[in-house]
Amino acid sequence: MTGTITPSRPVRLVRLLVGALGLAAGLWGAWLMSDLGVDNLVASGTWLVGGVVLHDAVIGPVTIALAAVAVRLSRRSVPGPVIVGGIVLGSVTLAVVPVLGRFGAHADNPSLLPRDYVGGWLVFAGLTLTAVVVALLVGRRSAKDGEHGAGSGRR
Amino acid sequence: MGLTEVREKVEGVVGGVVSRVPDEGDFTSRLRSPAVAARVGLWLGISFGLCFVTGLVSHWAQSPDPWFAFPTRPVRLYQLTQGVHVIAGTAAVPLLLVKLWAVFPKLFSRPPKDLRLLLVETLERVSIAVLVAASIFQLASGISNSAQWYPWSFDFRGTHYALGWIAIGALAVHIAVKLPLIRDLLGTDIESGTHDRESMQGEPPLTRRGLVRGAFLASGVAVVATAGSTVPGLRTVSVFGVRDGNGPGGLPVNKSAKEADVVAAALSDGYRLRVVHDGTEMAFTRADLEQMRQRTHDLPLACVEGWSANATWTGVRLRDLLDAVGAPRGRDVNIESLQPAGSYRSTLLPHQFADDSLTLLALGLNGEQLALDHGYPCRLMAPNRPGVLQTKWVTKVEVLG
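Residue numbers (my numbering), protein chains in the order written: chain A, 1 to 155; chain B, 1001 to 1401.
Just so you know, these hints were derived from the structure itself, not from any lab. Some hints here could point you the wrong way.
[What the hints assert, rightly or not] If we take Cβ atoms under 7 Å as the criterion, some of the chain A residues that face chain B in the derived model are: (1) PRO10; (2) ARG15; (3) VAL96.
[Claimed, not checked] Derived EDC-like pairs (lysine to aspartate or glutamate); straight-line CA-CA distance at most 16 Å: (4) B:LYS1258 to A:ASP108; (5) B:LYS1178 to B:GLU1121; (6) B:LYS1396 to B:ASP1332; (7) B:LYS1106 to A:ASP56; (8) B:LYS1255 to A:ASP145.
C-beta: ideal position from N, C-alpha, C; glycine also.
Whole structure, please, built from the sequences with the hints as guidance.
The following block contains the structure:
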């Protein structure tokens, strides 16, 4: 794909510069990392590899499976608002896993993680679902208007 | 069995396994496209850049450097940079997920047969593996840290800092490799289909523009739902905020007196604040400190975990205490806590903070007596300083040579 583009001279220069700076920054980071000791390297290495495995072997395939189920359920194609709702719900939920479980909470510090996070998540999920339903209804109505009028309701 | 037969058999088995692994061409969605990856990637890169720069500021604030002193003004600088650090990191989560989703087919592209091309691709794949691993690690560990959840045995601060350099370095290499493609993609319409894979077919249920907007929407929702920990106006809607602004004296607490194991020592009649300079030592009870001239300043408590709150502090100006023992200006000061253990039991207060007229040994908070969990009998409160270095339960102030 990249083969079709021949970069101009300034672009080649910028590439070289950015690439060299990146390499230097990465090596500096690696040196800092090695400075933290072997035990730290093993402990963090497990998490580094674990994160990639979690995404590539779990989150990626699960997303594909969920999409397949959604396609099966909607018979034809999954409506756009459902996909956007899924992105919002799924990604925000993943981003707040640590607070949902209140794993860092301390009995003697009520000001830390003070909210009812599961309750908050239910409200968030309910609002997302409502927004999806409203978007579907609005989409259906504008599609109907499109059939009667000249324009098309499809975005 | 002859050698040829063995070879044929092995090739058959390998071929069978390989044919079962999905190929890049098996992904047919037009949404998993370089055009989407470039646009989401641009904003992901911007958030990573913000995280990196603000992360450097935080590292600098926590590692006193005699050659490059951390400033005491603006008073709210660290509150701003660390708030941006955590907000940008949170915003990056949905962007990273959509970006990885868009480029997922590339994971399954078959290696080229040509040896030179294979070498180039292997190098690129290694750089991508480093980038993806570091990105996931930084976001996951950072978000866990903001919720004070540490399910690991590595040193968070050191590792997060080192991997920040590795992540930004790998990102720069990735941008350098892809620059012509990125320029081309961002310069053409997102729906145009240049650089699409041949296997893409059918009409997607959502436009590419719609997918990118969905990623931005998710990113914005993640920010609004969490940023109330540092943006007071968002407190009511931040249902996932790690703080809600409440706590003793109207301020949240990071570490309680019980957790720090200082309750008995802090409440003891024998408590003294010792101020030491070059053989001169003075001891103050809390009542002694209350007798001294009191000053009141509005200073934010801005934590490394990204939450912050503004408060009104009343207490003795640190410089007044240093003057009492005849300490000259321009000296760094060591602040010691009653805490029996912990890496922040004793902290170095650089001279620009020690001499600053706003730096207090606070005795009161928001018009009330300082709560035990906030550092009673007295705590350090300096302008533009990470919360973790605003030492609580101070028992000794030592002027360094």
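Against the earlier hints, flag every one the structure doesn't satisfy and list their numbers going up.
1, 8
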